[in-house]
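Using the sequences provided together with the hints, build the complete structure.
The primary structure of each chain is shown beneath.
There are 2 protein chains.
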Amino acid sequence: MRRIRIRIMPKKGLLDPQGRAVEEMLEENGFKVKGVRVGKVVEMSVPEGTDLKKLAEEYVVNTLIEDYEIEELAS
Amino acid sequence: MRRIRIRIMPKKGLLDPQGRAVEEMLEENGFKVKGVRVGKVVEMSVPEGTDLKKLAEEYVVNTLIEDYEIEELAS
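Residue numbers (my numbering), protein chains in the order written: chain V, 1 to 75; chain Y, 1 to 75.
Since no wrong hints were added, every one of them can be taken at face value.
It does not matter which identical chain is meant; a pair holds if it fits inside one copy or across any two.
In silico lysine-lysine, BS3-like type, Cα no more than 27 Å apart, as pairs:
(1) 40 x 54
(2) 53 x 32
(3) 40 x 12
(4) 11 x 40
(5) 54 x 34
(6) 54 x 32
(7) 12 x 32
(8) 34 x 53
(9) 53 x 40
(10) 34 x 12
For the record, the hints were derived by calculation from the structure and aren't laboratory data.
Given below as structure tokens:
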């Protein structure tokens, strides 16, 4: 088994209402932040040979509105 | 400004119902995954000198149930 992390972010150029909400909340609390984007991360252990592209694109990521990256973790 | 990423995961040992749901869904679709955990990621640009610990722990992370890590991104 190897441990992987799928990091999923809203596509560039698409609205990110959750990011916008966090940004406004932080600004109201005195932080001068910009460009806040909120995404998801899914970590899991998978057997060698798992079709990660299929797993990610068919079951985990909404590729119409999200981009993703897969990282290999030290397991 | 520098660009940072806050990666937030449910604390080890705590239930992660969302991870459990993803795991079951993947298993039902033939993937032999284990230990699925679902977390969040928040990326933002912040001015030099921003108190990131305060920002994260008081406003973004629920430290009772979540662990977090901050990464510096190439901006």
